[in-house]
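Following the working numbering, the numbering of the sequence shown begins with 1 at its first residue and continues without gaps.
In case anyone wonders, no lab produced these hints; they're calculated from the structure.
Please read all numbers here as calculations on a predicted model, not as lab measurements.
Misleading hints may appear alongside valid ones.
Keeping only pairs whose Cα atoms sit at most 30 Å apart, straight-line, the calculated BS3-like set for lysine-lysine is [as the list claims (entries may be wrong)]:
no.: 1; residue 1: Lys277; residue 2: Lys110
no.: 2; residue 1: Lys103; residue 2: Lys352
no.: 3; residue 1: Lys277; residue 2: Lys346
no.: 4; residue 1: Lys274; residue 2: Lys200
no.: 5; residue 1: Lys274; residue 2: Lys185
no.: 6; residue 1: Lys205; residue 2: Lys19
no.: 7; residue 1: Lys185; residue 2: Lys200
no.: 8; residue 1: Lys110; residue 2: Lys352
no.: 9; residue 1: Lys19; residue 2: Lys277
no.: 10; residue 1: Lys185; residue 2: Lys205
no.: 11; residue 1: Lys277; residue 2: Lys205
no.: 12; residue 1: Lys103; residue 2: Lys277
no.: 13; residue 1: Lys103; residue 2: Lys346
no.: 14; residue 1: Lys185; residue 2: Lys19
no.: 15; residue 1: Lys277; residue 2: Lys185
no.: 16; residue 1: Lys274; residue 2: Lys205
no.: 17; residue 1: Lys110; residue 2: Lys274
no.: 18; residue 1: Lys274; residue 2: Lys346
no.: 19; residue 1: Lys274; residue 2: Lys352
no.: 20; residue 1: Lys277; residue 2: Lys200
no.: 21; residue 1: Lys110; residue 2: Lys347
no.: 22; residue 1: Lys274; residue 2: Lys19
no.: 23; residue 1: Lys200; residue 2: Lys19
no.: 24; residue 1: Lys347; residue 2: Lys274
no.: 25; residue 1: Lys277; residue 2: Lys347
no.: 26; residue 1: Lys347; residue 2: Lys103
no.: 27; residue 1: Lys110; residue 2: Lys346
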Amino acid sequence: MGLLIPLIFIVFCCLIIWKASDGFEASSEYLGRNMTEGVRGATINAIASSMPELFTTIFFLLCLNDTEGFSGGIGTTAGSAIFNGMIIPAAVIFVVLLTGITKNITVSRKVILRDGIALILAEVLLIYLISGSTLHWWHGLILMTFYGGYIWYMLGSMKGAESSEDNDDPEDEEEDENEEVGFLKALFTLNLKAIFIGSKEINTKNAWALLLSSMFVIGFACLMLVRACEMIGYGAYELPFIGEVHGLDIPIMFVAVILASAATSVPDTIISMKDAKAGNYNDAISNALGSNIFDICFALGFPLFMYCIIYGPIQMSPETIQFSSELRILLLLFTVLAFFIYFTGKKMGILKALMLIGIYIFFTAYISARSMDAAWANQISEFLTGIYNLVH
Numbered sequence: 001m002g003l004l005i006p007l008i009f010i011v012f013c014c015l016i017i018w019k020a021s022d023g024f025e026a027s028s029e030y031l032g033r034n035m036t037e038g039v040r041g042a043t044i045n046a047i048a049s050s051m052p053e054l055f056t057t058i059f060f061l062l063c064l065n066d067t068e069g070f071s072g073g074i075g076t077t078a079g080s081a082i083f084n085g086m087i088i089p090a091a092v093i094f095v096v097l098l099t100g101i102t103k104n105i106t107v108s109r110k111v112i113l114r115d116g117i118a119l120i121l122a123e124v125l126l127i128y129l130i131s132g133s134t135l136h137w138w139h140g141l142i143l144m145t146f147y148g149g150y151i152w153y154m155l156g157s158m159k160g161a162e163s164s165e166d167n168d169d170p171e172d173e174e175e176d177e178n179e180e181v182g183f184l185k186a187l188f189t190l191n192l193k194a195i196f197i198g199s200k201e202i203n204t205k206n207a208w209a210l211l212l213s214s215m216f217v218i219g220f221a222c223l224m225l226v227r228a229c230e231m232i233g234y235g236a237y238e239l240p241f242i243g244e245v246h247g248l249d250i251p252i253m254f255v256a257v258i259l260a261s262a263a264t265s266v267p268d269t270i271i272s273m274k275d276a277k278a279g280n281y282n283d284a285i286s287n288a289l290g291s292n293i294f295d296i297c298f299a300l301g302f303p304l305f306m307y308c309i310i311y312g313p314i315q316m317s318p319e320t321i322q323f324s325s326e327l328r329i330l331l332l333l334f335t336v337l338a339f340f341i342y343f344t345g346k347k348m349g350i351l352k353a354l355m356l357i358g359i360y361i362f363f364t365a366y367i368s369a370r371s372m373d374a375a376w377a378n379q380i381s382e383f384l385t386g387i388y389n390l391v392h
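My request is simple: use the sequences and hints to build the entire structure.
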């Protein structure tokens, strides 16, 4: 019961995030209608779909405070980055190829190089920046500054390449898809698009209202998600009308890196799959990579910056330092490996999808074994720690 109830909460959170992500997708598509393919995926789509990671990190810091909160935040962002880099491209490949939408998926090498190199640089920055036992506000500021530079480059790289066809399509699609839905039904099913737009034509005003309302709903779901992860990590806790129940009695970072990260990646997955079905393969892949850059630099940097400004520096325990260090090295190694999988060959096929899924299965198995102090996982942990000490 101590595990079943929080797992039900997590599934419920996934459903809420999934429904709210429809509003994200509609509003971000309209607001980014003047951006070129690839740029929209790496900026508007990536930021919108990464709000769960940002909210989850904020709530981890506010609810758990200091070391435990930061470890939950870094676990969520790192786990989400690995999920986005492996599962989302694999899901895109399977959906497109197995449904017969196309026989070949070709992604611009320019997009892979641009976003892949930026992501690797962000992860290297994270490794070197967050070292030692104390975190300060300027750590978060540097991470946010890096993301600001990335956005500046992305917007500058468009160079007016938008076509009038790209500008018109989102509006036409929205007009075709808008249907009259009763308010109570829309409210009960969390159909935010029907509540804020309905049968009306989408415009900048109601698109922003839809985006902000979606953020609020997802923020509520993320608060529940943090509480559910906290319950799973407890050794024992009290539930109303039930009494004392037991969790796994493990650090919150182990829970966040698998469960919270997967739950917060729901919008990224949905938006990328919809882009892929529409033939926007560059957007589908760049959304996944751009979301990772946002997660590492802003979803982690902004809460860290604000928390340290308000409450002062964060003191990390030796256990948090060790696991976060090996997690960051593992994230970098997997990202480099995935980058070569993307870049090798001109097309994305089933074999590449299976390789990416295999990497994520290994990652999940490692984290689970690490939480149980398995011998083989500890050997890998020592190897990763050795790499971390070497580069420092």
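The hints, checked one at a time:
no., hint, in the structure
1, Lys277 x Lys110, "21 Å, holds"
2, Lys103 x Lys352, "15 Å, holds"
3, Lys277 x Lys346, "19 Å, holds"
4, Lys274 x Lys200, "22 Å, holds"
5, Lys274 x Lys185, "24 Å, holds"
6, Lys205 x Lys19, "21 Å, holds"
7, Lys185 x Lys200, "18 Å, holds"
8, Lys110 x Lys352, "19 Å, holds"
9, Lys19 x Lys277, "19 Å, holds"
10, Lys185 x Lys205, "23 Å, holds"
11, Lys277 x Lys205, "28 Å, holds"
12, Lys103 x Lys277, "13 Å, holds"
13, Lys103 x Lys346, "13 Å, holds"
14, Lys185 x Lys19, "13 Å, holds"
15, Lys277 x Lys185, "28 Å, holds"
16, Lys274 x Lys205, "24 Å, holds"
17, Lys110 x Lys274, "22 Å, holds"
18, Lys274 x Lys346, "22 Å, holds"
19, Lys274 x Lys352, "20 Å, holds"
20, Lys277 x Lys200, "25 Å, holds"
21, Lys110 x Lys347, "14 Å, holds"
22, Lys274 x Lys19, "14 Å, holds"
23, Lys200 x Lys19, "20 Å, holds"
24, Lys347 x Lys274, "19 Å, holds"
25, Lys277 x Lys347, "16 Å, holds"
26, Lys347 x Lys103, "10 Å, holds"
27, Lys110 x Lys346, "12 Å, holds"
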